Each structure stands twice: as structure tokens, then as C-alpha cells.
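K.L.:
Top to bottom, those sequences are chains A and B. Heads up, the first sequence is in the working numbering, so the first residue is 1 and it goes up one at a time. Heads up, the second sequence is in the working numbering, so the first residue is 1001 and it goes up one at a time.
Since the hints were made in silico from the structure, they are not lab data. Quantities reported herein were computed from a predicted structural model and do not represent experimental measurements. Take these hints with a grain of salt, some might be off.
Claimed, not checked - 30 Å max Cα-Cα, derived DSSO-like pairs, lysine-lysine:
| hint | chain 1 | residue 1 | chain 2 | residue 2 |
| --- | --- | --- | --- | --- |
| 1 | B | Lys1208 | A | Lys5 |
| 2 | B | Lys1573 | B | Lys1098 |
| 3 | A | Lys15 | B | Lys1369 |
| 4 | B | Lys1573 | B | Lys1208 |
As the list claims (entries may be wrong) - These stretches of chain A come out as covered by chain B in the derived footprint (C-beta under 8 Å, 3 or more residues):
| hint | stretch |
| --- | --- |
| 5 | 23 to 35 |
| 6 | 50 to 61 |
| 7 | 72 to 83 |
What the hints assert, rightly or not - Away from chain B, derived, C-beta distances all over 10 Å, residues of chain A:
| hint | residue |
| --- | --- |
| 8 | Val6 |
| 9 | Glu11 |
| 10 | Ile12 |
| 11 | Tyr14 |
| 12 | Lys15 |
| 13 | Tyr16 |
| 14 | Cys17 |
| 15 | Gly19 |
| 16 | Cys20 |
| 17 | Gln39 |
| 18 | Met40 |
| 19 | Val43 |
Just so you know, even glycine gets a beta-carbon here, dropped at the ideal spot from N, CA and C.
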Amino acid sequence: MHKVKVNYGPEIDYKYCNGCGECYENCPMDVFGWDEEKQMPVVLYAGECSICCFCETLCPEVAIDVLIPLHHMLDFGISPVTLSKKSKFLGIE
Amino acid sequence: MVAKLEEMADNIIETEFLIIGGGLVGSMAAIRAKRNNKDIDVTIIDKARMEYSGDGVGLDNFNQVTLRKEDINRKVTEDDVNKAVFGAERLKGLKDLKLDAIQMKNSYISQPILEEIGVKVREDDGTLKVLQGYRNGTVWGRVEYDENGKPTEPFFGSFSRASDLKMRLGTAARKLGTRVFDRTMLTSIITRDGAAIGATALNTRTGKFLVFKAKAILLATGAASRLYPHQWAPFPNRLFYTLTSPVNHGGGHINALDAGAKLYCMEMSNVYNVSKGINHSSGGGGCNWYFKMYNSKGEYLEDKYPDMVVTKAGGKIPGINFLFAPDMQNAEVEKDVILSAKHNATPDEIAAVYFTAVTEPPKALKFHKLAGGLTNERPAECIAVLTGIGQAGGGVLRENEYSETGVKNLFAAGNVTGNGGSHGFTWGCLIADHVTELVKDQDYKTIDGEQLKQIAETKEWVFSPLARKSEYKINPLELEDYIREVNYNYIGIHKVKPKIERAIELIRFAREGAVPLLFANNPHELMRAIEVQHIIEISELHAQSSLLRDESRLGPVHYREDYPQLDPKWDNKIVTAKKVDGEIKYNIEDLN
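Let's have the full structure, built from the sequences with the hints guiding it.
P.N.:
Put into C-alpha cells, the structure is as follows:
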């Protein structure tokens, strides 16, 4: 598989995902796959994510967070340190 | 012996009107055709999911310049058209004036349709909000007020609140009975006696190979957006972090070329002013149209270079003019750091940025939110990015007033023709009107002999990366990255002959040395393998056309270091490319 391990793209929180499939159905870049056994979406091609964030807004359970590549955060003046102190962003409690 | 069609295709679909690409053009054309005649059979194929595909997520304005507030409710006059044509005079050789005049006359043809399907174009009180067209005579974009607090005239076009535009268009097209094949990628256009009679396509999830038989085809596949890397992003994000939709890789261009259509102005890669990090301009980034830009000396560029400001009808977007002021050799953006002032933004500017940000992908607002809001002390940096072919002219050449290509019954509109935005709506409607009548007298053409051979060859080519058994397997993304780096380093903004020639050598070497080893594990990866092959073709077209146009025009869109001046011999001239006996022939032709 052409997967490249990357530190960005959609991240699904399976505690909240209800398997509705909105993300899988609508992602323009088709980065999601579908786990037939669990009936849940899986992120297969995070490297191809264009960071549009449609999945994040479409998810009725707010179970998806699209992680922004570090390059873009720093370039646009978003501080990962500040964010991590404020919220669960980047997975830091 | 060529196999029968039924043996080659997983599914054969007959449809009167086949629309390739469900973006603004495609979905609008489907709606219009079905409203003209509910019985017409319309099919859309879309590489993504129609409701969220294409460049136009939302709609912030009708992209017309000469109309003023009071013009919206009346018919466009000859005078308006003349004004637009006058504006387009600056683009001699790049704009088809006859098509532009038709476009102007029908510029608001789609607005009632949008309103009927629930797109919120009007304000709550029923009025239309408008975007200012000119300031100090020439600027468009930022709203300015006179001493009485009233916006100065004239206006740019109606401003809409259509953040849910694509969803509504998609829903309406389906509701009217359009057949939609999502996750379906065009792989060839089938021709017979110089006319388009169908297409082949790949379902990028199931791997099914589909054959469509059609009476008329609309090519609406968008810009060739994946020509240059986004050079401030890591791999592989640099391939997909494009200004316009990265779904649009330029497959429509290459399939049209293979079918016999001409491409034109493939040297014209648009250059856009964006906010660094977000890779968006007005709404998304805030720079350029709403927040003022200043350099390290604190000079505001639009005050420093008032003469660089021209209307959009004149062909340039002011932000880019400022960045490349005072001239291409001494461009501010290349000698200085350009920032976008958020700290002193007025409430109207903030509102305007918010207003347009909601019509961009959701990313725009997320970035602003994470950065501390739309206005704060931290400025955004303005950078110039090469966005590919489609927003500054260039693409598939339309050869008559019906927006038909050189291939009979193959129509094209939107960014694939270098003419996108709300213009795409207009042409989507006009083509649909023509096709509704056209298909009444047409029969489905037979697919045999030559066509079967073409389909067999296409199928073999499409699936070859899946079956490949070789020790060295080439990842399509890696090859795409290489090609786009070549474009960036050898063509780019400052073009010069030896570098362009070297680019052609490198592109050809990559095609011969790497493409035969492209590998894919599944239909999704097959899509990427097909895309990179198209991107290689587009890159060579871009390089060859850039070499041929030995002048500079609309810099930085086409700037030759070795021919830095606009040359009148090129007025009204275009570089065209056409495939003859399998070889691409380049030509210099008159446009008007």
C-alpha cells in the first residue's frame, strides 16, 4: 500500500463514532476506507488529505478532528504549544 | 481479435447527456437540462462525491464585473457587453471576445435557478448584497465608503451567502432524476468520425470498468490543479494542499486532447496571492482583497503602486499585481517580506472576510479560529503560489458559440476551459439548452471496430499498474512529486529557455523510465497512477507551450526572463496543441 505515515489528516475518535459513514461517503480525496467487520470508517490514506475539513463538519457525533500539518500551523501563526494547553487538540489532554 | 463490448465492460450505460464532473458547471447543466425537459436522460460521473466535489464549495459572488446593483434585475445591454469586451481587450490572444459577449449577456441566467433550489443569494430583507467593483476608479474587492458613509459605485456583482451551494446543487440534480456515478473517473472519450459518442470510466472503489454511450458530452472536469507542488508543505501533503480542488488533476484536458480536441494557452499557469499556511486568499486567508498588504518598511502596497491596480475584467488580480510590483525583476514579494494587516482591520473588513470564509472549505474558519480569530496582532504572510492551469485562461479550446470543442458533440465549460467560477454556471445553462434540443435528433452511435479497439487499449492501460510484476515498484505519489518539483524548479514563475528545455528532457526521461513500473494495489491507488500519467502529459504541454510563447504576458502568469516584454506580434495569438496520428502538434493561431 502507498500509505505514508504522516502526522496529519483526519483522526477518528472511536469512542464517539457511530459508523454513520458520512465521512467515508463524502471525502473528496477518498482518504477513508470502510471496515466491513466493525462497520466503521478507517483512515487509509491520511497522506492524501487536503485538510478541507468537510469530514469534521459533517460528522454528527463530532468524532473527527482533522490534524493540520505542522508546517501550516506554524506558517499561519497557530501555536501547537498554546493549543495543547488549551484543549485536547493534538491528542494532549 | 478484439473482445466484444459486453466482455470488456462491467457495465454499459446509455445516456443522452453525459456530464463529466459534478462541480458547479456539471451540476448546474444537469439541473438546467432536466428543467428544460424532464424526460432527457442525464448522467453525471464524478471522481469524488458530487455534493462535495469541485472548486466551488460555496459561492461568495457572481463573478461579473460590469454589472452594478441596479443591473441585477434588468437585462444586460449591449453597452454592458461592450464594457466587458473593452475590459477583455487587455487579454488579447487570451480571451475569445465572441464567447465573452455571449457570456456577459447571460451572466445571471443561473441566479433564479439557484434561488429556487434554496441557495441563499439574498439578504434576509430580500435585497441583494453586492461587492464593490471599483475603488479610486479601478480596484475591485474591498468595500469603501464615501464621506456620507455610503458604498461608492459601481459594484462588482451580487454577493451570495451560499455556503451550502454544492450540497444544494447536488441534491437538486439528483432529485430531478439525474443519474450520478460518484467515485467514477473518466479514462477516455470514445469517438467515431470526429464526434464524441461515449466514454470509459473507472470506479475508483470497486475497480469496475464502465462504458457510457452518449449523444452529447459535457466536459466539466475543472482546472489542472496538480501541476506545481505547494512548496511550503511536507510530502505528500505538498501534492494535495492546492489552492483549488486537488481532485482536479487535469484528466479532462488529456482525455479531450486524445479525443482530438485542441488545448490552448497551456503556458498560462495562474499565480495567486495567498496567506501562508492556509493557502487561501480572500475569505480563507484574509490577505489581498480585504486586509491591506505592507512590506518591511511599513509601506502599504496598494498605496505605493496605485497604477498597478486594474479591474478583474482587465485580467489581473490586484493582489498579485502588488506582490510583483514594480516589475517582475524587482518584485516586492521576492525582495521583501509582505504581510497582511489584521490588527487595523475595520469591522466591515472583518465581516467581509468572515462572509467569504464561510463559502470556502471548512478549513478556512478552523485555521482562523486556531490562530486566535479573524483579527489579531499577528499578521498573515502573503505569498505567491502557482495554482496550475485553469484560472488564468488555458485548457480545452472551445470552437463555437455553443462552447463545443473541435470534437463534435463534446462540449466544455468551467475551469477546464480556463473560464470558471460563476461563468461556469452560465455556460452550464447555455450548453444544457443547446444539448436539450440537439439530442432530440440524435441516435446512439454504434460502437464497433475502431471503438472496440480503443476501449480494449484503454482498459489494458488503466489496469496495467494492478497486475504489474516487477521488483522495483513505483509509488504514483512519489513520481508525481518528482514531476511537480521539475515544474517548480525548471519552469515556475521566471521561465528561461535552457531550463524549460531541461524540464522537457527530465519529464520525458521520467515518462520512459518510471511510468512502466507504476504500481497500484487497489482501485484507489490505480486512480493515483492514472492521475500521475496525465500530470506528466500536462507538464510537457505546459513546458512546450511556455517555450513557444517567446514573450511575456500577464506576468507572473507567463513571464519569460529571456523575453521580458509584451510583444505585439503575440496580440490575439494563442499556442494550441492537438494530437495528430498520436503525436502532439503545437501551433500558433489567431483566437479572434
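K.L.:
Confirm or reject each hint.
P.N.:
Hint-by-hint comparison with the structure:
| no. | hint | result |
| --- | --- | --- |
| 1 | Lys1208(B) / Lys5(A) | 29 Å, holds |
| 2 | Lys1573(B) / Lys1098(B) | 15 Å, holds |
| 3 | Lys15(A) / Lys1369(B) | 25 Å, holds |
| 4 | Lys1573(B) / Lys1208(B) | 43 Å, violated |
| 5 | 23 to 35 | holds (count 6) |
| 6 | 50 to 61 | holds (count 7) |
| 7 | 72 to 83 | holds (count 8) |
| 8 | Val6 | 7 Å, violated |
| 9 | Glu11 | 14 Å, holds |
| 10 | Ile12 | 17 Å, holds |
| 11 | Tyr14 | 22 Å, holds |
| 12 | Lys15 | 22 Å, holds |
| 13 | Tyr16 | 18 Å, holds |
| 14 | Cys17 | 19 Å, holds |
| 15 | Gly19 | 18 Å, holds |
| 16 | Cys20 | 15 Å, holds |
| 17 | Gln39 | 17 Å, holds |
| 18 | Met40 | 17 Å, holds |
| 19 | Val43 | 13 Å, holds |
Taken one by one, the earlier hints fail for this structure at numbers 4, 8, listed in ascending order.
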